[in-house]
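J.: Next come the chains, spelled out residue by residue.
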Amino acid sequence: MTATLERLPLLVRDWITGFFPEPVRWLVSGLLAIVAILAVFGLYFAYLTLAERKFLGRFQNRPGPNRTGPFGLLQPFADAVKALTKEDIVPQAADKLLHFLAPCLVVAFGLISFAVIPFGRYLIPVDLDAAVLYFFAAGVSSELALFMAGWASHNKYSMISAMRALAQLISYELPLLLAVVPVIMLSGTLSTSKIVVAQGGWTFGIIPHWNVLTPWGFAGFFIFMIAAVAETNRSPFDLPEAESELIAGHLTEYSGFKYALFFMAEYFGMSALCGLGVTLFLGGWQAPIDILQVVPSYVWFMVKLSCVIFCLMWVRATLLRLRIDQLTRLAWKFLVPLGLINLGNAAFWHLSADWSGPLQIVRWAISAAVIVIPFVLIGRTLSSGLAPRTYRYAT
Amino acid sequence: MQNEPTSSAPGLAGTPANSSFDILHSPLGSPQQGASVREVNDPFHGDLLEVSMGPHHPSTHGVFRMVATLDGEIIVKLKPVFGYLHRNHEKLGENTTYLASMPYTDRLDYLAGMTNNWAYALAVEKLSGQVATERAEYVRVIVGEMMRIVNHCCLVGFLFNDLGTSFTPLLYAFREREKFLDLFEELTGTRMMYNYQRFGGCRVDPTPEWLAKAKALIDGFPRFLDEYEQFLTGNEIMLARTQGVGRLSPELAINAGITGPVLRATGVGYDIRKVDGYGVYPRFDFRVPIGDHGDTYDRYMMRILEMRESVKILQQAFRDLPAGPIIDPKAKNRGLRPKAGEAYGRIEGPKGEIGFYLISDGSTNPYRYRVRPPSFINLTVLEDMCLGHSVADAVVILGSIDIVLGEVDR
Amino acid sequence: MLGSGIIKGLAVTAKNFVGSFHDPERLPTVEYPEKRLTLPEAYRSFPFLVFDGENAIDGLRCVACKMCENECPPQCIYIIPERDEKGRPVKKPKVFDIDLSVCMGCQICVEVCPFDSIKMDQVFEVAATNRFEGLIAHREMLAKSNTYYHQIRPTEAAEVDTRLAEEKRLAEEKAKAAAAAKAAAAAKAAAAPKPVATTAPASATAPAAAPASPAKPAVAAPSPSPSSSSSAAAPMAAAPKPPATTP
Amino acid sequence: MQSIEQIRDLIVARFPGAEVTVIQNPGPAAQHSLLLGHAQARDIALFLRDEPSLKLDFCSNATGVDWPEKEIVETTKVKVAQPDGTEKLVEQKTKRLQPGYLEAVYHLYSMALKHGPVVIRLRTGNRTDAVSLPSLTPVWRSCEFQEREIFDLFGIVFEGHPDLRRILMWDEFKDHPMRKDYVEPDDYEWEPTPHDAVLTKAKGHYPAPGSTANAEGGM
Amino acid sequence: MNLILVLIGGLMLTAAAVAMSLRNIIHSALLLIGSWLGVSFFYLWAGAEFVAFAQVLVYVGAVSMVVLFAVLLTRRDRQDVVVAPETRTRAISALLVGGSVAGLLVSAVLGTPLATGPAETPTLTVKDLGTLLAGPQAAGLLIAGVILTVALLGAVVLAATDSGKEDAS
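Residue numbers (the working numbering), protein chains in the order written: chain V, 503 to 897; chain X, 2 to 411; chain F, 11 to 257; chain S, 97 to 315; chain D, 15 to 183.
Keep in mind that the hints are not guaranteed to be accurate.
DSS-like cross-link-like pairs, simulated, lysine-lysine; straight-line CA separation at most 25 Å [said to hold, decoys possible]:
id	chain 1	residue 1	chain 2	residue 2
1	S	K151	X	K92
2	S	K270	X	K92
3	V	K556	F	K18
4	S	K270	X	K340
5	X	K275	S	K151
One-sided and incomplete, this derived list gives chain F residues near chain X with beta-carbon spacing under 7 Å [unchecked claim]:
id	residue
6	I16
7	P34
8	L37
9	A52
10	P83
11	A189
12	K192
Rough simulated footprint, nothing fancy, chain D against chain V, three-plus residues with beta-carbon under 8 Å [stated by the list, open to error]:
id	region
13	647-653
14	846-859
Rather than coming from a laboratory, the hints here were simulated on the basis of the structure.
Heads up, the beta-carbon is just placed ideally off N, CA and C, and yes, glycines get one too.
The task is simple: from the sequences and hints, build the whole structure.
T.: The structure is reproduced here in structure tokens:
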């Protein structure tokens with residue numbers, strides 16, 4: 503039973519491509535993969551917006567949207583209709599071509615990066631050899647589209663915020679890459695499916711071999727998630743469209759469906775990055791416990807993805823926003839050094855792989871120490887003068 | 002990052018003596034006190050950008066405009082512009098009777114209606130020589146301190162909204178504020194527009210059930226404060242964003258007439274409840290918290306510590322509340338004609354010293370009805386605090402001063 | 011250790027998140043149209059005129075003395091007294107308008123009204139299609155029965171009724187005493203031709219004129235002693251009237 | 097805290113030629129004030145702020161007051177010789193026109209010694225042309241906004257104020273609204289509030305749009 | 015197969031040509047980025063995935079940002095738009111330099127034996143590329159790294175001293 507469930511998507515695909523003549527079959531299966539991703543992640547995006555508003559509400563002691571449909575389930579479609587019916591104003595001074603092109607490119611690059619994420623054991627749209635490199639190539643070019651949006655609207659505020667967005671994205675590109683390199687080094691390949699296979703297996707049947715359960719993996723995941731939050735302009739780092747200062751940043755001049763496109767691109771980018779994070783550190787579609795393999799692999803991927811995205815919402819409901827200089831200082835003075843040290847740590851971990859017995863504990867201790875000590879030291883130097891104060895009372 | 006700024010004691014020329022700080026070498030993010038405006042259009046720095054934030058701006062607490070001249074992100078000049086909500090409250094006061102002005106005082110600082118009523122009642126009692134009854138003085142302290150807690154809840158919530166959280170701290174603070182507003186509604190009839198104090202006492206006597214409910218709420222309030230402090234006071238981003246931001250020196254604060262938590266944050270322990278000892282405050286033992294650095298973090302902590310002190314005062318007030326009439330039977334409210342003369346009555350409102358200066362010429366209407374608005378005068382030093390900071394900090398500094406436009410514009 | 015403050019903050023929001031599912035204290039939202047908050051008795055929104063008995067217009071307690079019109083801070087009440095055929099004012103308002111768009115619900119009118127004829131209502135869903143005509147409440151719209159008053163403010167209505175009944179009793183006693191005094195005077199007049207009768211009717215009419223003079227003690231004061239029973243001598247305006255504090 | 101007379105003597109001792117008079121406050125609050133001449137006003141203010149025994153470093157409140165011309169009618173009993181030679185007491189009403197002036201009142205407190213208020217008053221020459229006063233902003237910066245408000249609403253020009261502009265009204269506004277003789281501008285938006293005075297004034301501007309039931313009912 | 019080659023070549027050439035002729039600098043910068051994308055498609059067509067994605071990551075991601083920032087931050091002064099009078103002498107020297115570079119390139123292209131069809135490139139996995147780079151090619155890699163860091167440090171020093179010099183005046 504579990505095998506058929508596991509291969510169900512493949513059976514469906516073979517059944518559909520069966521209708522078509524031989525030469526066109528590979529084209530149809532490619533199109534089918536695209537349609538599947540768009541359908542699944544389109545719906546996932548829709549209900550992600552609803553989930554975000556409901557969870558944010560629950561964090562703030564209020565029920566969240568519950569008027570449209572039972573428990574507010576039709577809210578995303580209501581938002582879509584609203585976005586579609588809103589008038590699409592293009593400022594007269596704007597650069598018409600770029601103004602139109604920017605949202606399309608942002609969504610396009612956001613979607614392309616789904617091509618290399620392994621959703622299930624057999625569910626990987628394109629099994630590239632240099633998959634991780636492809637992912638970052640797609641991610642980087644969405645910055646370009648963001649700049650085009652800021653520049654095209656010819657508005658003082660959106661120009662300032664486009665520059666801020668670029669500074670933020672570029673300064674967080676480095677920690678993102680530095681967090682991913684140890685995983686590639688340890689699993690020896692750039693292909694995401696092989697990375698997930700490398701994380702298979704369980705010791706004593708219950709402790710999975712995920713990268714996150716190793717000291718360098720945990721530090722890498724910590725750096726990766728901070729950089730991912732900054733990369734998708736979400737809560738503690740949502741500087742470009744910080745409403746308290748620059749109104750809506752580079753989105754000021756967009757309205758109607760173009761604004762919704764930017765919104766969609768942000769969620770796609772978040773899902774893709776979290777998908778990559780799950781693949782690299784949380785063992786992709788691997789089941790957490792041996793006996794739980796009865797559940798199909800793509801369910802595990804979705805569960806882990808949803809947990810990571812829930813944590814992002816949790817962070818969004820809690821943390822304050824950083825100032826632009828503190829943000830870049832955090833990247834260059836905290837995350838990059840930690841990333842480099844983590845690289846060394848992973849190298850040590852790789853070389854000491856064949857230590858046996860008690861040496862394993864020593865190996866763990868050294869590896870943990872190598873990452874924790876610099877974390878505490880750099881942390882103390884960065885927040886040198888900052889501490890909650892004690893107060894005296896007037897006589 | 003904590004280099005002590007040169008204290009800008011005001012020179013005779015009236016504008017604060019600009020310290021020797023030169024904008025070129027201020028590494029972005031280590032804010033200095035006072036910046037020199039340098040000449041413009043040199044090749045490397047580009048020209049200054051004038052940004053008008055407001056009057057319709059998401060974080061200016063109402064219709065308030067700041068014309069800021071920016072060099073990149075750093076503020077070089079900042080001129081507050083207000084008057085958009087000006088409805089000449091003082092001319093209204095001169096055209097209506099003493100009692101009819103009482104409901105208008107709720108609209109001054111609409112987040113702290115009760116303390117406005119109390120200040121006006123105190124001023125008219127001084128003018129006409131009437132004295133409030135014993136029980137009324139205690140009830141005034143009770144509702145006054147509850148109002149202070151409500152006001153500080155609002156401020157802390159709005160301050161965190163300016164700092165960029167997505168409404169979570171604001172909604173926690175408002176959840177507590179709602180309980181206080183429900184109690185005020187049971188006592189006076191409305192949530193914010195109380196019209197509760199009268200010359201010589203209060204309008205309605207709180208029933209024992211109301212007092213029991215209020216006492217239960219006050220006893221539970223410190224638990225909320227502990228949860229709030231655990232949530233935010235130690236937060237590293239909060240420390241980074243507020244410590245050392247918007248520093249104010251004690252000399253400049255005293256000279257610029259700053260009062261309330263903003264003044265006490267600079268280290269000057271001046272609290273009118275202790276200085277004037279109006280009402281029955283001398284009978285309560287409470288402490289006045291003072292800060293050392295005068296920056297945004299100290300101002301935030303002043304409010305939190307003051308809320309804790311208010312809880313102490315309230316517990317003592319509930320304990321020794323005497324019986325007796327809530328209003329002096331011989332007190333004259335309708336058709337009050339105080340003898341010719343003038344009086345200036347002031348109290349320690351949540352935002353600072355709120356005072357009423359009344360000149361009467363024996364008729365039913367006051368000859369001159371003047372309100373001393375704390376938010377309006379606390380804005381004098383907004384520019385001094387914002388110079389050298391970035392735009393994001395200016396919004397936070399404005400939030401920490403706690404202005405309400407109803408009182409600023411009158 | 012960098013980050014400990016942030017972790018504590020996350021713990022608090024998590025507690026609130028979990029709490030919002032089971033602890034009513036963490037989910038205070040009342041979903042308005044379906045569920046409604048019970049209004050406290052002291053709640054006030056706009057004024058309304060109280061009438062006794064069945065007929066709305068004749069039963070109005072209001073005597074059109076225009077005291078509330080003068081005292082109202084934003085001057086939003088407008089009264090024209092009824093005039094009988096000979097042009098003498100009758101103790102009934104022909105027009106009693108309150109401009110609800112100007113009224114701020116400060117209940118000063120309730121405080122200064124000596125006849126308990128205007129009280130604060132608890133209706134807050136006041137919407138009108140026309141800003142001018144729709145929001146001016148005329149006499150017919152304002153008049154509501156005493157039973158309605160008992161519904162919205164039971165304790166306060168009870169006090170007002172006891173006080174009114176007691177004043178009516180005092181007035182009748184005085185009227186009886188005055189009548190008895192008149193009868194005795196008439197008897198004396200029959201004995202002695204001194205024209206004592208002329209002053210009696212003056213004094214007799216006075217108390218009738220002020221049936222419920224402002225002898226209203228401070229409400230809910232423990233001892234609601236009517237400070238000055240309707241002493242005929244003191245003209246109404248100058249009476250040292252304690253502020254009627256019926257909210 | 098010394099009484100107002102002692103403070104006046106201190107000032108006169110310090111500035112021999114200064115015009116300082118005590119203004120009695122008849123009301124029960126008994127907050128008497130000191131009227132200062134223009135010449136040494138700022139020096140006296142500096143003296144009040146820096147004098148060790150006073151140290152009035154906190155100017156809490158600066159207010160403008162408008163005193164228009166007042167006709168004072170004094171009734172004096174004077175003996176008038178009647179034609180038949182007898183003396184008869186007759187009340188004689190003498191009308192005296194007191195010249196109007198604008199006034200700035202400052203309430204000073206001391207944060208160092210925690211005492212106050214000392215009230216000082218500055219009066220302008222008249223209400224039309226001589227309306228200038230020495231500004232006290234250089235001494236207490238708290239007067240900066242309040243003096244701008246007095247200038248905006250009363251029209252007192254403060255010499256030496258760093259930035260004297262209108263603060264509450266918009267800059268192009270011509271009149272000073274808080275003066276007693278201020279007539280509000282006539283751009284009255286028609287609103288049929290029930291009061292006849294308001295209605296007649298409104299009728300003066302616009303013909304009532306259409307016949308509203310209330311208008312007839314009201315008359 | 016070479017239809018796609020012609021297509022990609024045509025795309026790159028037209029993008030570059032149009033980029034040169036546009037007045038709006040931002041548009042031409044974006045078209046330049048388009049032509050770099052063309053280069054990466056060419057690599058993909060040739061089967062070298064790693065190089066294609068590296069090309070996109072480096073050029074479309076980073077270098078394009080540098081180009082755009084440079085375009086934004088330089089202040090267009092009025093005087094240098096007008097064509098200066100001695101353009102004729104410039105035209106001659108431009109032709110000379112252009113001709114020589116074209117000649118050099120053409121000879122290089124003709125000199126190398128051009129295999130018409132796509133040669134069966136050995137399927138190199140990333141791991142082999144890695145060992146190749148770390149092994150025999152390590153020297154070239156290190157030299158490139160050093161040159162880049164020197165350039166980076168030079169730029170930073172230049173920017174910093176510039177502000178210092180301006181201060182002294």
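J.: Each hint should be assessed against the structure and marked as holding or not.
T.: Against the structure, the hints come out as follows:
With a CA separation close to 34 Å, the supplied pair K151 (chain S) and K92 (chain X) exceeds the 25 Å bound. For the hint pairing K270 (chain S) with K92 (chain X), the CA-to-CA distance comes to about 17 Å; that is within 25 Å, so the pair holds. In summary, the hint linking K556 (chain V) to K18 (chain F) is supported, as the alpha carbons are separated by about 23 Å, within the 25 Å threshold. For a cut-off of 25 Å, the pair hint linking K270 (chain S) to K340 (chain X) is broken: about 35 Å separates their Cα positions.
The suggested pairing of K275 (chain X) with K151 (chain S) holds, with an alpha-carbon distance near 19 Å, which does not exceed 25 Å. With its C-beta approaching chain X no nearer than about 6 Å, I16 (chain F) sits inside the 7 Å limit, and its interface hint holds. For P34 (chain F), the shortest C-beta to C-beta distance to chain X is roughly 12 Å, which exceeds 7 Å, and the interface hint is violated. The beta carbon of L37 (chain F) comes no nearer than 10 Å to any beta carbon in chain X, farther than 7 Å, and the hint placing it at the interface is violated.
Given hint, A52 (chain F) at the interface with chain X, holds; its Cβ is 5 Å from that chain's nearest Cβ, closer than 7 Å. Interface hint at P83 (chain F): satisfied, since its Cβ lies 4 Å from the closest Cβ of chain X, which is below the 7 Å cut-off. Here the hint on A189 (chain F) is broken, as its CB sits about 33 Å from the closest CB of chain X, past 7 Å. The criterion of a C-beta within 7 Å of any C-beta in chain X is not met by K192 (chain F), whose closest approach is roughly 35 Å, and the hint is violated.
With a cut-off of 8 Å between beta carbons, the region 647-653 of chain V has 3 residues touching chain D; three or more are needed, and the interface restraint holds. Counting residues of the region 846-859 of chain V whose C-beta sits closer than 8 Å to any C-beta of chain D gives 0, which falls short of three, so the coverage hint is violated.
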